[in-house]
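Take the two lone chains, each set in its own frame, and fit them into one complex as the hints suggest.
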Amino acid sequence: MGLYNDTVMENFLNPKNVGEIENPSGVGVYGSPVCGDMMQMHIKVDENDVITDCKFKTFGCGSAIASSSMATQMIIGKTVEEALAITNKDVVKELGGLPAVKIHCSVLADHAIKSAIYDYAQKNGKTYKGLEGFDPNADDDDEGAAE
Amino acid sequence: MREVYLDYSATTPVKQEVLQEMLPYFCEKFGNASSLYTPGLEAKSALDHAREQVAELINAKPTEIYFTGCGSEADNWVLYGVADAYKEKGNHIITTVEEHHAMLHTCEYLAKHGYEITYLPIDAEGRLNLQDLENAITDRTILISCMLVNNEIGTIHPIKDIAAIAKKHGILVHTDAVQGLGNVPIDVKDMGIDFLSMSAHKIYGPKGVGALYMRKGIRIPNLIHGGAQEMGKRAGTENVPGIVGFGKAAELARLNFAQHVEHASRLRNLLAEKIVAEIPDVMINGEMEERHPGNLNVTFKYIEGESILLLLDQYHICVSTGSACSSKSLKPSHVLAALGVSDELIHGTVRFTTGDFTTEEDIDYVVECLKKVVKTLRDLSPLGPDKGWK
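The listed protein sequences correspond, in order, to chains D and S. Here this note's numbering is used: position 143 in the first sequence is 143, and no number is missing along the way. Here this note's numbering is used: position 349 in the second sequence is 349, and no number is missing along the way.
These aren't lab readings, by the way, just hints derived from the structure by calculation. You may find that some hints are simply not true.
List of simulated lysine-lysine pairs, DSS-like, C-alpha gap at most 27 angstroms [said to hold, decoys possible]:
#1 D:K16 with S:K372
#2 S:K44 with S:K15
#3 S:K233 with D:K55
#4 D:K55 with S:K375
#5 S:K89 with D:K89
#6 S:K160 with S:K87
#7 S:K233 with S:K29
#8 S:K15 with D:K44
#9 S:K387 with D:K55
#10 S:K387 with D:K16
#11 S:K274 with S:K301
#12 S:K89 with D:K123
#13 S:K189 with S:K167
#14 S:K167 with S:K89
Partial pick of chain D residues on the chain S-facing surface, computed with a CB cut under 8 angstroms [said to hold, decoys possible]:
#15 V29
#16 V34
#17 K57
#18 F59
#19 G60
Interface residues of chain D toward chain S, partial, derived using beta-carbon atoms under 7 angstroms [as the list claims (entries may be wrong)]:
#20 V18
#21 P33
#22 C61
Beta carbons are placed, not taken as given, at the ideal position from N, Cα and C, and that holds for glycine.
This is chain S alone, in the form it adopts within the complex (with noise of 0.2 angstroms):
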C-alpha cells in the first residue's frame, strides 16, 4: 500500500546528502572536539564548518551561532537568559497567543516567578495588530517575542516590522523560526533582530539539535552551565554528527529554497483544491496568502481529528490534528481557539504539510481515501447540516 507522509511540519526524513555527511562521525571521526589531539581537532573543524552553514541559512555571523539540544532549549535560553540579565530594567515580556508551547510555558513559568507577560491576540486570519503592540509596551519591557511561522496554521509574520517598534523603544526581540527556517526567507541583518531559535529536524536534518542565533554584542547568562563548548554560552560536550546533519541541512536548504517552496506550496494548493471541490462541509483555517508554503490546516465538519487521523493511518497516511482528543492534555488546539474557531470545529480539523518528497499522486491517493473516511465517520455522526450545528 503506499504511504503518504504529510505532517512535515512535525518532522521531517533526514535526506540521505545529510545522513552521509554525518556518519563518519559515530564511528570513525568520533573525538571530543575540545580534544586536542588531531581526532578532536577534526570534529572541531566539522562543528566550525556547520556553523557557517547555518549561518549562511539567515544572513548571520557564524560567531552569532550557538548550537543546543533542540528549538525548544533555544526558547528557553532566551526566555530564562533575557528575564535574567535584565530584571533591573523589568519584568514585562511580550509574546503572542499563539507560540509554540516551548514559549508558552516558559513564560507561564515566569510569570509565576515575578514577571509579567502580555499575550497578543491574534484575528480570525491568523494576523496580529501591531498597534496592539505599540499599545502593550511599557518602560518595564524588556523582550518581545513572535514566532516567524505559526505551526498549526502556517500565518506568516511581519518580524522585520515588529522588530522596528521594538527597536524604537529600545527592547530586545526574539522570533522562534523553527517552523520558517526553509520556508520563508530569512536575513536576520534585515529583519533587526536579536535572537532567533532553529531547528534540525524540521529541515531534513536529524532530531536533538537545534540552534539560537544571538545578535553579536548581546550577553545573556548560560541555560547550561559548566565546560566551555559553544563559545562558552552551551555546555555539554557537542553532538557532533548531529550538528553535522544541521549545518549540511541548512546548506541544502538555502541551495534548494526556491525549488522546495515551489514544490511544497504547488502540492499544498492542489491538495487544498481537492479538498474543497470533493469534500462537502470543509472549511480552510487562516488565510493562503503569506503562508508557510507547505501547511493546510482544514476543518471537516460533523466529525472529529483523531479518528480522522486513525482510519488515515490505516491507509498509511499521516497528518495531524488539533482536537482535543489527540493531545495528552485533552485541551483543543489553542492556536485555532485563539483564530476564534469554536470548539466545535475545532476538534473537527485536521493539519496537513507538504513537503520535498510530496508527489501528485499522494495528493490524489490522500483525496481518495479521505472521501472514503470522511463518509465513513459522516455515516456515523449523530450530527449534520441541519442538526443544531452551526
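Just chain D, with the same shape it has in the complex (with noise of 0.2 angstroms):
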C-alpha cells in the first residue's frame, strides 16, 4: 500500500551514503529548487578508475532521496567506465520501480552521477565514451526515461 515500495521506503528513510567528501575528484550538481528536485553528488575516484567513495545531498521527495541513496549505492566500487554505463532504467529496476510520475526522479540521479563524473574528467584531462554528447547544463526534462 503507499505510493512507494519498501526499497523506495527504506532508501528514503534510511539513506545511504549521505554527505559531502573532502577533496572530491568530482562533483556533480544537477537540478534545481525552482522544479522541487536537485542532487549534488561528490565522488572519490583512485588510479584505477575505480569510484571509491560517493556521497549525495538531495533537496526532493522521497523518490528523489530514494534515488540518489539507491544511485551512489550502484557506483561505488565501479570504474568510471562502468558507472557511467548505468542508466535511469537501472536505479528504478534496483529499487523496484518507481510511480510513474516519479520516474523523472531517476533521471536526475542518473544526470549527477554523469554530472560528477563529468567535472572528474575534466579536472583530469580524461575523455570518457560514456560521456560522449553529454551536457551537463541541459535542462531537467525526461528525455531518456523509462517507463
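Structural data, given as C-alpha cells:
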C-alpha cells in the first residue's frame, strides 16, 4: 500500500552515503530548487579509475532521496566507465519500481552521477565514451526516461 | 504512538452524534424519500428536517437549499447553469486565480466553449483588490464568483463587499463556501449573495454530500436531470443517511460555532508560535488576521514538502503540502504561486489545519517531531542560507 514500495521507503527513511567528501575527485549538481528536485553528488576516484566513494545531498521528494541513495550504492566499487553505463532504468529496477510520475527522479540521479564524472574528467583531462554528448547544463526533462 | 491529524481542511472525522443520527437511515428507515408509503414519508421528513438545519446555519430559507453529491457538484452546477441561462445577456464570468479546481477547471472548460473568464489576482497577503473587480466588469458579465475562505492559506474574503459591487451592476454573485462553512459566520441575506456551495465532510459530516444555496427567484437549468428530487432541480434518489448527517453536522456547527473558532484558532496560534520560535528558516504564508481559524501555512526552507509529509507520516502525523511532487499533476500549488511565493519555496510548504479534536499535547508532539524531521531533511539537503538560495 502507499505510493512507494519497501525498497524505495527504506532508501528514503535510511538513505545510504549522505554527505560530502573532503577533496572530492568530482562534484556534480543537477536539477534546481525551482523544479523541486536538486541532487549534489561527490565522488572519489582512485588511480585505477575506480569510484571508491560517493556521497549525495538531495533537495526533493521521497523518490528523489531514494533514487540518489540507490544511485550512490550502485556506483561505489565500479570503474568510471561502468558507472557511466548505468542508466536511470537501472536505478528504477534496483528500487523495484517507481510510480510513473516519479520516474524523472531517477533521471535526475543518472544525470547527477554523470555530472560528477564529467567534472572529474574535466579536472583530470580524461575522456570517456560514456560521456559523449553529455551536457551538464542541459535542462531537467524526461529525455531518456524509462516508462 | 500518538496519532495526530492536522489536515481538517482536507476532511474531518464524522462526529459521533452525526453518525448516530445517520444510522437508522441505512437499515431500518431505508425508504426512498419519493415513495408514498410510510417509510418513504419518514425518509422525506428526515430530508426536510436536514434542509432546515442546513438553512439555519447560513440564514437561508429551507426551500433555497438543494442537496448535491459534493461541493464540487454545487460549483459545477452554478457555473454551467448560469452560463446557459444567461447566455443571451453575456458570456463573461469573473472569478479569482485562487479558486478551488472545481471552479477553475469548469471555467477552463467554459472558456473553450465560447465564454470569457477573468481571473482576478491576489496580492502577497492573499487579498483581492475590489477596484480590480470593478474594472473587470463589462456589460457582458453574467456571474462573479469568489471563494469565501481560501483552502490553502485560509484568507477570508469580503464577500459582502463583492456582492454589493455585483448588485450595483445587476450581476449574479456566487461564493464557494466549502472551507468557510462552520469557520466564519455566514448570513446569505446579509451578504446579499445569490449562490453558495457547501460540503458536509468539512464540518464533521459524511463525505459524498454537499449543497447549493440558490436564492429564491433565481432560475438556472439542472445539472442533473431525471426524477423530481430536490424540488425538481437535482435528480437522483436522495442520499438520506448522508443528508441527515449533513443536517446534524450543520446544527452542531451552528451551536458550537464560537467554541469551535476559539479552540481551533488558539491551537493554530500555539502551533505557529512554537514553529517560529523553535525551528529556524521558516516563513508563515498569508496574513494571520481575517483567516480561517484553524489554518496555518508554513514554508520550511531548503527542504521539500512531500518528504516532510512522508516523514511526519512515520510519526503518525497528517498534514498537507503545496509541493508539486505531492500532486499527481506535478504542478505546484497555484494558490501559493498566485501569492507570489517563489517556486522553490512553494515546494517546501506545509499546510496544517487544527480542528475540534486537536489538543495542546498534539501541538507539542507535532513540534517535537517537526524539529527532528526538518533536521533530518536539512542534513541531507545541498541547500542552505549560504548556498545560492534566497
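Going down the list of hints, with the structure as the test:
A C-alpha spacing of about 18 angstroms is found between D:K16 and S:K372, which places the hinted pair at or below 27 angstroms, so the restraint holds. Distance hint between S:K44 and S:K15 is fulfilled; the C-alpha atoms sit about 23 angstroms from each other, no more than 27 angstroms. Between S:K233 and D:K55 the alpha-carbon distance is near 63 angstroms, which puts this suggested pair outside the 27 angstroms criterion. The straight-line distance between the Cα atoms of D:K55 and S:K375 is roughly 18 angstroms, inside the 27 angstroms bound, and the hint therefore holds.
The suggested pairing of S:K89 with D:K89 is violated, with an alpha-carbon distance near 57 angstroms, which exceeds 27 angstroms. Proposed proximity of S:K160 and S:K87 is supported: the alpha carbons are some 26 angstroms apart, at most 27 angstroms. Between S:K233 and S:K29 the CA atoms are separated by roughly 24 angstroms; this keeps the pair inside 27 angstroms, and the hint holds. For the hint linking S:K15 to D:K44, the alpha-carbon distance of about 59 angstroms lies beyond 27 angstroms, and the restraint is violated.
Taking the CA atoms of S:K387 and D:K55, the gap is near 18 angstroms; set against the 27 angstroms cutoff, the hint holds. Restraint check: the Cα-Cα separation between S:K387 and D:K16 comes to about 23 angstroms, which is no more than 27 angstroms; the hinted pair holds. Taking the CA atoms of S:K274 and S:K301, the gap is about 17 angstroms. The hint holds against a cut of 27 angstroms. Our distance criterion of 27 angstroms between C-alpha atoms is broken by S:K89 and D:K123, whose separation comes to about 70 angstroms.
With a C-alpha separation of about 13 angstroms, the suggested pairing of S:K189 with S:K167 holds against the 27 angstroms cut-off. Simply put, S:K167 and S:K89 have alpha-carbon atoms about 16 angstroms apart, close enough for the 27 angstroms limit, and the pair holds. Interface hint at D:V29: satisfied, since its Cβ lies 7 angstroms from the closest Cβ of chain S, which is below the 8 angstroms cut-off. Given hint, D:V34 at the interface with chain S, holds; its Cβ is 4 angstroms from that chain's nearest Cβ, closer than 8 angstroms.
For D:K57, the suggested interface contact is upheld, since its CB lies about 4 angstroms from the closest CB of chain S, less than 8 angstroms. The restraint placing D:F59 at the interface with chain S holds, with a minimum CB-CB distance near 5 angstroms, inside the 8 angstroms limit. Using the Cβ-Cβ criterion of 8 angstroms, the hint placing D:G60 at the interface with chain S is satisfied: the shortest such distance is roughly 5 angstroms. The closest approach between the C-beta of D:V18 and any C-beta of chain S is roughly 5 angstroms, which is under the 7 angstroms cut-off, so the hint is satisfied.
Residue-level restraint check for D:P33 holds (minimum Cβ-Cβ distance to chain S is 3 angstroms; threshold 7 angstroms). About 4 angstroms separates the beta-carbon of D:C61 from the nearest beta-carbon of chain S, less than 7 angstroms, and the hint is met.
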